[in-house]
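**Q** One-letter residues, chain by chain:
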Amino acid sequence: MLMFILRRILTMLLTAFCLTFIVFYLTNLPPNLEKLAKTEASARMTDAEVESWIERNGYGQPLIVRYGEWLGVAPGWTNVEANGTLRGRCVDRAEDRENAARFCGLLQGDWGTSTVFRNPVSEIIATRLGLTGILMFWVMVLMVPSALLIGVMAGMREGSRLDRSLSTFSIATTATPEYVSGVFFIVFLASNAGVQIFKGTATSAMDNITFENFFLPVLTIALYGIGYIARMTRASMTEVMTAQYIRTARLKGVSFRNVVLKHALRNALIAPFTVIMLQFPWLLNGVVIVETLFNYKGFGWTLVQAASNNDIELLLACSVVAVFVVLVTQLISDIGYVFLNPRIRIA
Amino acid sequence: MEPLTWAGSLGAFVNPIAAVVFATLAVSIVLTIVQSTMETEKSQFTDQGVVAVGGSGAPGLPFLLACGLMVLSLYLALLAVEAPLRWLGFAEGMNLAAFGIVVVLGIALTWAISVFAPQSLGERLLPISVMAMVGIILVYALAPFVMPVGAAGILGEMSRQFLPVWLALAVTFGLSMTFKRKLGLYGKLFDSTIGMIGFGLVMFWVFTAFFADFVATHDPLTQLSGMKNKDPGTPVPDGLTVYAHYLLGGDNLARDVFSRMVMGAREVLKIAPAATIFAFMVGITLGLPAGYFGGALDTVLTFLANLVLAFPVILLFYLLVTPEIIETGIPIYLAAVLFLFPIIFLVILWNSRYYTQPMVRNVYVGITLVVGFWLYAGLAFDADPLGIISMPPNILIVFVSVVFVNAPTVFRIVRGIVLDIKTRDYVAAGQTRGEGPWYIMLWEILPNARGPLIVDFCLRIGYTTILLGTLGFFGLGVSPESPDWGSTIDQGRRLISIAPHPALVPALALMSMVLGLNLLADGLREESLRD
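Chains as they are written, first to last, in my numbering: chain C, 11 to 357; chain Y, 399 to 929.
Only chain C is shown next, with the shape it has when bound in the complex:
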């Protein structure tokens, strides 16, 4: 078990390393740097000026060195300007320019500064992630119980009318991406064209969450996930219901309700646990779409702003967080599966 976890963690670190390098490469392409130079210094620079700006600001080094600096395993660049001032990656960031640290990167907790928001990246990420965390919490509260309930109800008697109707419902929700259901909800539940019960924007929810301004974004994200998790739960429930021990329990005279609740449910919920965990990367997708649609300025919204404004440091930080979330949930799902499944745990 310990070896298994250790191996999984090692693979995860290797994956994280590769992914961050790819992201770093894709955000630091020459055209991106050129654009950065023009937004930071002056929009009317000549090619030669751009070239020298890139050289002077440490972007001229080989990619692998810059990646090392960003990660915090290579010493930050330094050079002396023509007028004698000392400049450098770490020197520019430090308050005390004389005694700046040699290393300043991700590992030292230095995430850089956003060029759009003019704030330290770590600060932005922390507040935005907090807002998204609240959103995700309510999504989970709504999504997980309803998906499990639908899946169990549909799967306990395969082929029944209830199964048919609930399965069709699940298919319909998986066929409706967030940007479609969100538009439907806004039109029918939050505008003059339909009934105006909710608000079509969640901007006010950033300070004060109410049912009125927060339910629609939560519902929009949850709905897309409900169908998928419900179908997985249904599949695992139907499989369990055909097992021999369920038959034995029934023959023993246990009532159908007790069979479902006491014998079937626990075993049927192992697979959905994995699915729910693996659903996180998809939820991230939903978060980006919904935060843009409802103008809720959380993590997803920040990612879109960073990407469309060529804010390299912020985009890198967003990617690190996103990749981290995905990998950790994968790890939890793997370990959880082994832990929950007695057949594997005891063997």
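Honestly, the hints are just simulated from the structure, not real lab data. Quick reminder that beta carbons are idealized off the backbone N, C-alpha and C, glycines included. Check the hints yourself; a few may be wrong.
Below, a sample of chain C positions facing chain Y; criterion: calculated Cβ distance under 7 Å [to be verified]: (1) L36; (2) Y189; (3) S201; (4) H273; (5) N295; (6) V298; (7) A317; (8) S329; (9) V330.
Chain Y is nowhere near these chain C residues, computed Cβ spacing over 12 Å in every case [as the list claims (entries may be wrong)]: (10) P72; (11) W87; (12) F127.
Assemble chain Y onto chain C, guided by the hints.
**A** Quick look at chain Y alone, frame taken from chain C:
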């Protein structure tokens, strides 16, 4: 010109009937669900395990769920028709007290149904109301053809525009139903209602894309002054265009929403199926050897696949689908690698099959190589010697990134199936006969894996459509004028409180197409499991 109403003169007597039919349908759906939730206690044993045969309801979890459903449907019904609320004295609509009444009503009604309603009333009512609904829809669709132009309202005029689509659908369904016993899995699809509905929806959009030039009423890019955000059915100012109305209204740039939706189908169907096929070629070509040989090859490929899968899709799109990336030429390199796989796949396929007949093999492999590299040069490098095949760079990057996102999942599925199938006896028999590994993979294992792969193919086209919509929604990789559904939704949502139709129409279109694909996949799965 008069503005059109939704149903025109037909509406005067068909609309009330439609309302009654719709209400009956809604009631019977609720009844079916509520009643089937209640019947839990009596169940019967078969070889497959526990199968319920129905029985009177015992309170408990099912009763609670039934109550919940009833309350929800009452709530929605009351919201839709606010009159009863006013009658109860709630002038401002739904509030907490009104909601309380709804909850009490819902529980009482559920109890009443469980005690008094005849068994399976809902189940008996449902088929009748569905038939009636289909009949009403047919009346709306067919009546316009015997009515004068403009008399049948917006729905009628749209149905008239879709004439080639209706004809093509009728021919397809007629032929398939007639010969369904001879058509294998495809024919079996016509035994399942769900599958037929799905197939109908998908083919509707396929034919719409094909006949888009006949179906569309206006040019999707032309802006007509005075038509900005106009309601559905608004007449076009005199003499500006041949067609007299904007059937589904105008968008915020005064373009015809209906024509943009129709042309959007073409944009989506140009990319989604092709990208899915490419993803499958890549996934199969890599997944077969990974599963069959295992070892280091498997480890490396699985690691790479997991690497791509660990990327949040949206982030990958934001990193890959940018104008800067096109400048650096990365999409061309990616395309150069990814587009090679279909050629490799086909060459190995022919080579392993006709290895013992060199002449036949040489012909097949030769044709594949010549045609393959001609298309390859045109698509990936935009260097077609004949100058026929080319792909604009922004479409290429969209195409490549969609293939890139989908291929690892296909790889994992194929690998999993191969791991399962390679332990079968017929594979061992093939090995004993001295068949080569590639022959076994492509001609023994792959045909036996086709069931789940076909199902996944349908689902994946739907998923690709969603991805393309996401790209359009964020304005990535599409020209701002493009009528594709994703970017139309994005443009429409900005003014959603003023004019909801520009966003609603493409949203409905996208949803119906993906729903069709999912239902089709579900029907196929059911029918292929049946043998």
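**Q** The structure should be examined with respect to each hint, and the outcome stated for every one.
**A** Status of each hint after checking the structure:
no., hint, verdict
1, L36, "holds (4 Å)"
2, Y189, "holds (5 Å)"
3, S201, "holds (5 Å)"
4, H273, "violated (11 Å)"
5, N295, "holds (5 Å)"
6, V298, "holds (5 Å)"
7, A317, "holds (4 Å)"
8, S329, "holds (6 Å)"
9, V330, "violated (11 Å)"
10, P72, "holds (17 Å)"
11, W87, "holds (23 Å)"
12, F127, "holds (17 Å)"
Violated hints, listed in ascending order, are 4 and 9; each of the other numbered hints is respected by the structure.
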